[in-house]
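J.: All chains should be built: construct the whole structure from the sequences, respecting the hints.
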Amino acid sequence: MPADPPSGGALTREDVAHLAGLARIDLTAAELDHLAPQLAVILESVAKVAEVAHGDVPATSHPLPLSNVFRSDDVRPGLTAEEALANAPEVEQQRFSVPRILGADE
Amino acid sequence: MTAATLLSYDDALARFDPVLGLEVHVELNTASKMFCACPTTFGAAPNSQVCPVCLGLPGALPVLNERAVAAAIRIGLALNCSIAAECRFARKNYFYPDMPKNFQTSQYDEPIAYDGWTEVAVDEAAYRIEIERVHMEEDTGKSLHVGGATGRIHGASHSLVDYNRAGIPLIEIVTKPIIGTGAAAPVVARAYVTHLRELLLSLGVSDVRMEQGSLRCDANASLRLGQDAPFGTRTETKNVNSLRSVERAVRYEICRQAAVLTDGGTVTQETRHWHEDTGITTPGRSKEQAEDYRYFPEPDLAPIAPDVAWVEQLRATLPEGPGRRRSRLQAAWGFSDLDMRDVVGAGALALVEQTIGAGAAPAAAKKWWLTELARRANEQGVELAELPVGPEQVAQVQALIDTGRINDKLARSVFDGLLAGEGTPEEIVAARGLEVVSDETALGAAVDRAIEANPGAADKVRAGKAAAAGALIGAVMAEMRGQADAGRVRDLILAKLSP
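Residue numbers (the numbering used here), protein chains in the order written: chain E, 705 to 810; chain P, 7 to 505.
Calculated directly from the structure, the hints in this document are not laboratory data.
Note that the structure is a prediction, hence the values are computed from the model and not measured.
In this text, a Cβ means the ideal position worked out from N, Cα and C, and glycines have one as well.
You may find that some hints are simply not true.
Pair by pair, the computed Cβ-Cβ distance ranges are [stated by the list, open to error]:
(1) E/Gly759 with P/Arg330: 35 to 43 Å
(2) E/Gly725 with P/Thr288: 19 to 27 Å
(3) P/Gly62 with E/Thr764: 24 to 32 Å
(4) P/Ala51 with E/Ala714: 15 to 23 Å
EDC-like cross-link-like pairs, simulated, lysine to aspartate or glutamate; straight-line CA separation at most 20 Å [claimed, not checked]:
(5) P/Lys107 with E/Glu794
(6) P/Lys415 with P/Glu441
(7) P/Lys148 with E/Asp719
(8) P/Lys244 with P/Asp348
(9) P/Lys244 with P/Glu378
(10) P/Lys373 with P/Asp348
(11) P/Lys148 with P/Asp104
(12) P/Lys373 with P/Asp414
(13) P/Lys148 with E/Glu786
(14) P/Lys466 with P/Asp497
(15) P/Lys182 with P/Glu242
(16) P/Lys98 with E/Asp719
(17) P/Lys502 with P/Glu485
(18) P/Lys98 with P/Asp115
(19) P/Lys244 with P/Glu282
(20) P/Lys373 with P/Glu485
(21) P/Lys182 with P/Glu136
(22) P/Lys502 with P/Asp454
(23) P/Lys148 with E/Glu787
(24) P/Lys107 with E/Asp737
(25) P/Lys148 with E/Glu794
T.: Given below as structure tokens:
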């Protein structure tokens with residue numbers, strides 16, 4: 705998949721700030737300074753797996769050699785609306801109420 | 007929200023060559039959702055068709071709906087695509103409340119079907135549209151935006167989400183750049199979506215009702231300096247939810263971009279929003295770039311490897327091509343070439359076919375769709391298929407005529423009732439008191455009065471001039487306010503005046 709990790713392998717402070725933005729996590733400058741190197745170390749450790757897997761090991765997205773796991777097109781009851789909404793912080797008109805989606809400047 | 011400066015369409019076409027790309031999303035008509043067993047019924051109470059899987063609750067595991075995969079493969083085959091030997095789903099990550107999982111399960115670089123084509127006829131010309139890919143994904147929840155103007159997201163204070171639609175199987179059909187259409191670009195765009203809708207209808211995989219959102223279109227358009235020039239920057243117009251809008255939106259974007267370019271500006275690559283009411287497009291929310299979706303293979307769904315035997319079995323279920331289908335139906339219905347061209351041109355082929363299938367005679371089915379209903383669709387600026395009257399109801403109306411309960415004139419009133427959502431044809435006839443008077447005594451009395459009032463005409467009929475009965479029939483029908491069977495009235499008159 706083309707969603708490659710940032711080129712060069714090393715995770716930069718800018719990468720972490722960008723990902724935090726996508727994930728809607730508000731990180732302070734101090735937190736970025738603190739977390740970016742930690743995440744870089746984690747990624748480097750995981751990347752060691754690549755050193756073990758040589759060309760004879762194909763890239764694997766699924767651990768089991770399974771394909772075509774299907775269900776038939778049958779309807780089964782799920783949750784009631786009351787159950788579905790039981791954990792919603794706010795409910796209005798039997799719907800999940802969520803905060804404003806677009807910022808004021810959008 | 008102000009309208010942009012536009013160049014006239016003729017000027018735009020004199021200077022630039024338009025290039026199109028169309029993305030069509032179609033909701034499948036499976037009974038259950040893509041990855042869970044929740045029902046997919048349209049219009050159910052909010053959040054009443056949900057479960058831990060489509061709500062993205064922790065620990066829930068998706069399982070793929072086999073019928074949805076079969077439908078995707080059949081769509082691919084009908085569009086002359088290659089079917090992937092193996093493909094996977096991916097997670098498209100984004101934070102937006104329409105997907106409670108915070109990702110949409112979709113196909114990314116491994117679509118189920120790819121590299122196809124289909125042919126679209128516009129007047130006498132045929133355009134070959136190349137298909138890039140057909141992929142499977144799931145629909146998102148539906149948001150109501152509160153506190154802003156007319157339900158728009160801009161200026162809303164908060165939003166209310168209904169997840170009934172989240173997880174309904176969705177197929178995305180993407181064309182390659184459509185070139186060489188010149189001034190016909192908007193018409194070709196509309197013809198392509200019309201053609202796709204007919205095709206999907208004949209495959210029986212979707213309700214393809216644009217007004218209910220089961221068929222949605224995003225139209226990409228760009229301009230270049232000539233047929234050999236490199237492609238220009240494109241815009242993607244969303245919310246194009248009727249066939250007429252497809253044509254209008256493409257035309258608008260051509261005129262808008264031409265004005266920007268002629269003025270020395272550059273077209274911004276962006277998502278734009280089509281406004282049906284004002285007929286313009288405006289910039290949409292800034293879209294996260296493709297890499298920002300951080301696609302990765304969906305670990306909870308096993309890869310799909312449709313075996314050749316299954317694909318061939320599905321191929322055998324494909325309806326015949328449009329050309330052969332037309333010839334077959336024309337022969338079966340006994341229509342002239344002209345009749346057939348009218349039916350196809352009105353986008354009524356499938357509707358007429360289904361009306362006949364529901365019991366109406368071919369001539370009657372054609373008559374209602376091409377006259378009464380075509381007029382009403384035209385008045386409302388919608389396609390025939392978008393009218394709230396379906397083939398089944400048209401056949402029911404015709405059955406009421408065939409059994410002598412109503413006549414053609416009363417049928418128009420029944421259609422008024424159907425369009426106003428007053429119930430079934432039977433209920434409308436009862437509620438509006440439309441039944442023809444079949445009370446022989448009442449009819450006989452009216453005939454007697456007509457003969458008395460028109461002695462001249464009566465004498466002519468007595469003398470053997472049956473054509474003169476017309477004036478008497480007219481008088482009876484007028485007295486009955488149209489609620490009589492004209493054929494029966496004629497019989498009564500002739501019987502009474504037989505020499």
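J.: Work down the list of hints and note, for each, if the structure agrees.
T.: Comparing the hints with the structure gives:
1. Between glycine 759 of chain E and arginine 330 of chain P the Cβ separation comes to about 51 Å, which falls outside the hinted range of 35 to 43 Å.
2. In this structure the hint that glycine 725 of chain E and threonine 288 of chain P lie 19 to 27 Å apart at CB holds, the actual value being about 25 Å.
3. A beta carbon spacing of about 25 Å between glycine 62 of chain P and threonine 764 of chain E agrees with the range 24 to 32 Å that was offered as a hint.
4. Under the hint 15 to 23 Å, the C-beta atoms of alanine 51 of chain P and alanine 714 of chain E, about 52 Å apart, miss the expected range.
5. Our distance criterion of 20 Å between C-alpha atoms is met by lysine 107 of chain P and glutamate 794 of chain E, whose separation comes to about 18 Å.
6. Between lysine 415 of chain P and glutamate 441 of chain P the alpha-carbon distance is near 11 Å, which keeps this suggested pair within the 20 Å criterion.
7. Between lysine 148 of chain P and aspartate 719 of chain E the CA atoms are separated by roughly 32 Å; this puts the pair beyond 20 Å, and the hint is violated.
8. Taken as a hint, the lysine 244 of chain P and aspartate 348 of chain P pair is broken in the structure, with Cα atoms around 31 Å apart against an allowance of 20 Å.
9. In summary, the hint linking lysine 244 of chain P to glutamate 378 of chain P is not supported, as the alpha carbons are separated by about 33 Å, beyond the 20 Å threshold.
10. With a C-alpha separation of about 11 Å, the suggested pair lysine 373 of chain P and aspartate 348 of chain P falls inside the 20 Å cut-off, and the hint holds.
11. Pair hint lysine 148 of chain P plus aspartate 104 of chain P holds up; C-alpha atoms about 6 Å apart against a cutoff of 20 Å.
12. Restraint check for lysine 373 of chain P and aspartate 414 of chain P: satisfied, since their Cα atoms lie roughly 11 Å apart, inside the 20 Å limit.
13. Taking the CA atoms of lysine 148 of chain P and glutamate 786 of chain E, the gap is near 18 Å; set against the 20 Å cutoff, the hint holds.
14. Taken as a hint, the lysine 466 of chain P and aspartate 497 of chain P pair is honoured in the structure, with Cα atoms around 16 Å apart against an allowance of 20 Å.
15. About 14 Å separates the Cα atoms of lysine 182 of chain P and glutamate 242 of chain P, which keeps this hinted pair within 20 Å; it holds.
16. Taken as a hint, the lysine 98 of chain P and aspartate 719 of chain E pair is honoured in the structure, with Cα atoms around 19 Å apart against an allowance of 20 Å.
17. In summary, the hint linking lysine 502 of chain P to glutamate 485 of chain P is supported, as the alpha carbons are separated by about 18 Å, within the 20 Å threshold.
18. Proximity of lysine 98 of chain P to aspartate 115 of chain P is assessed by CA-CA distance (about 12 Å); at most 20 Å being required, the pair is judged to hold.
19. Of the pairs offered as hints, the one joining lysine 244 of chain P and glutamate 282 of chain P holds, with about 11 Å between alpha carbons and a cut-off of 20 Å not exceeded.
20. With a CA separation close to 27 Å, the supplied pair lysine 373 of chain P and glutamate 485 of chain P exceeds the 20 Å bound.
21. At most 20 Å may separate the alpha-carbon atoms for a hinted pair to count; lysine 182 of chain P and glutamate 136 of chain P meet this at roughly 5 Å.
22. As the CA atoms of lysine 502 of chain P and aspartate 454 of chain P are separated by approximately 9 Å, the hinted pair is consistent with the 20 Å bound.
23. At most 20 Å may separate the alpha-carbon atoms for a hinted pair to count; lysine 148 of chain P and glutamate 787 of chain E meet this at roughly 19 Å.
24. Among the hinted pairs, lysine 107 of chain P with aspartate 737 of chain E is inconsistent with the structure: their alpha-carbon atoms are about 29 Å apart, more than 20 Å.
25. Our distance criterion of 20 Å between C-alpha atoms is met by lysine 148 of chain P and glutamate 794 of chain E, whose separation comes to about 17 Å.
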